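Trainee: Below are the chains, spelled out letter by letter.
Protein chains: 2
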Amino acid sequence: MPRPLHPNAPLVGVPGGRHLLDTPALLIDLPAMTRNIERMAAFAKARGIGLRPHVKTHKSVEIARRQVAAGAIGVSCVTLGEAEVMVDGGIRSVLITSPAVTPSKIARLVKLAERAAPGGVMVVADNLANVADLARAAGGLLHPLPVLVDYGAGYNRTGAANEAQVLALAAAIAGEPRLRLRGLQAYAGNLQHIVAREERSAAAAALRETVAGIVAAARRKGFNFEIVTGAGTGTHDLDAEQNAFTELQAGSYVFMDAEYAQVLATGTEPSPFEVALFVQTAVVSTNAAEWVTVDGGSKCFATDSGVPLVARGTDPASRYAFFGDEHGKLMPAGPRPALGTRIEFVTPHCDPTVNLHDVYHVVEGGALVAIWPVDARGKR
Amino acid sequence: MPRPLHPNAPLVGVPGGRHLLDTPALLIDLPAMTRNIERMAAFAKARGIGLRPHVKTHKSVEIARRQVAAGAIGVSCVTLGEAEVMVDGGIRSVLITSPAVTPSKIARLVKLAERAAPGGVMVVADNLANVADLARAAGGLLHPLPVLVDYGAGYNRTGAANEAQVLALAAAIAGEPRLRLRGLQAYAGNLQHIVAREERSAAAAALRETVAGIVAAARRKGFNFEIVTGAGTGTHDLDAEQNAFTELQAGSYVFMDAEYAQVLATGTEPSPFEVALFVQTAVVSTNAAEWVTVDGGSKCFATDSGVPLVARGTDPASRYAFFGDEHGKLMPAGPRPALGTRIEFVTPHCDPTVNLHDVYHVVEGGALVAIWPVDARGKR
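Protein chains in written order, with this note's numbering: chain A, -4 to 375; chain B, -4 to 375.
The set of hints was computed from the structure by calculation and includes no laboratory data.
There could be a bad hint or two in this list.
The calculated DSS-like cross-link candidates involving lysine-lysine, where the alpha carbons are at most 25 Å apart (straight line), are [unchecked claim]: (1) A/K374 <-> A/K106; (2) B/K106 <-> B/K374; (3) B/K324 <-> A/K374; (4) A/K374 <-> B/K374.
Please read these numbers as outputs of a predicted model, since none were measured by experiment.
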């Protein structure tokens, strides 16, 4: 069965198309996203640090291509499925930031490395048995499989727990002829969302010091970590200091969301990044006394980080509450919006919100300029 | 580009395939789901009430077909996109349980009614202007468009606020030659999850009394509500009493989840429905002292209703915590599971969890017997 045309596809290029959309619709403000992409690329260039944006935020080949065109050295992926989509979409340098452990994942990884540019797919490892499994599976590859030691960085979602484990893993990887030791990953997800900038800054500085110590200890053992990768949107400016890291994995800067906008606005300067991601809903019921109902609920917005905030269409002080799978309860702060009114929201948490949608509606002002698939949605 | 084969497709029919899956994987226990489908069908038949299962739970044509084959009179859909998938999948009677309000949705509704069996697509309305819009749009249809009055039932997500509004809507629908008044919807989502059975029973009884009063008032005005539809898994047994409803919209019974299992187990009898939906993950990191990390996080489990519960693979008293988009933190209650161990979880809330996955892995014991798409995922 051919893939049916998206209901909004006929609106691309139609004047005022943004206001005629079938709702709920995930929107990218293209000029705002473009500025975000350029600003982060310029920041990394000015600091002499590589930018390897994390695609778990957007899961889009088109956006990854734009990031690379602006100066990114490649991308980061959390799942192997994301990496498959990126390699097959023409992205030439891909780091997989989670270990590939099961036989199925390792087999897919090796197949992916086969069809990618030589050395173009890198993976992290945090376990000696896993290093041995990777080496065995990489036996048939023309080029050694590049591997980074994963360090837990205090968060310990994945990664070695301490310097001794890092050094043991480095030795194991370096000792396998079918693997190539490329460096160290130290990603601290727990630091990204610390709202108080001083506290975030102190925690990031402590991590950089630890990482620098581990890199120095490795060097003394004869291991050269060419790549030291980590940092997210919340610490990108901090982690670019003092050359502890060679690469930034920031992802959310491309879109921003309600939570990150708050985190980055608490510095001495306003956030350099703009909200570029919105969800447009329509008012579908107006009979209740205290609220109107919009057509976006928990299958449209991530529920793990607060509620959507009104961006436009009604008084921004109006409050949203979840109201089931497909509906939201909007408590108007001003005049009650009429049936059919379009209300656009800032998303509560961009990554898992994007993951709930099949496509992006790319808008410039009132125009719908493109529809892009969320290519890696659901790809494990 | 042809649709790539799912990584687990080669495992269908392979002995022990369930234990070789690429993870995370959404699983259906086929015998358990089949018993659930048969039990609800038998219950409805014994009470002489129609069963119109809500597909927002499973979004699957295959499962809808099985429900109809077991005796369901059709299905309920919350989005027009779900209804399109069901009609195009051969389901002959589809009720859309939310109003279609915007010009785009109304145009899609009329196109869908055109290609469905005559009268096979029904929609609800809760607004006089919307009734006029529907009538205008239905002008070209060969058969009148069937419409039910939507009553807010105290929850007021959508629906008329009171009897007077219901009667005004009934009169408006009946007065439009291109529409056909079919009945009343009274769905009270807020009653489904009341844990204390006595409280749930009292609230359901009060709603049935109100509904019966509205139906009687409509009859005195000359409006015959052939269909009175409502109820969910949490009140299906209560709402089948006393002939207030002619149809049940229960959905979650097909899979059950951690929350519903608790709700239905508080009666005097054990729940008649079994948990049939699981997510299988693998342990991907074991370096932390207090936990191991599994490969299922907030892009794999809905986060709006508690956490996943361990079903098998390790001590069921082990506790899960969310650990980012793709990872979970599992605090072992017994021996620490080794790297690569498969852990299966009961999902915290089935509907939005299913919506995060592309496919179902259908298992019988240790065998993977089929892979079914989540057909209507992301369909608005």
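Trainee: Each hint needs a verdict: does it hold in this structure or not?
Mentor: The hints, checked one at a time:
1. A/K374 <-> A/K106: With Cα atoms ~16 Å apart, A/K374 and A/K106 stay inside 25 Å; holds.
2. B/K106 <-> B/K374: OK: B/K106 and B/K374 at ~16 Å, within 25 Å.
3. B/K324 <-> A/K374: The hint holds at about 21 Å.
4. A/K374 <-> B/K374: Roughly 18 Å separates the two Cα atoms, so the pair holds.
This entry satisfies every hint, going by the numbered hints stated previously.
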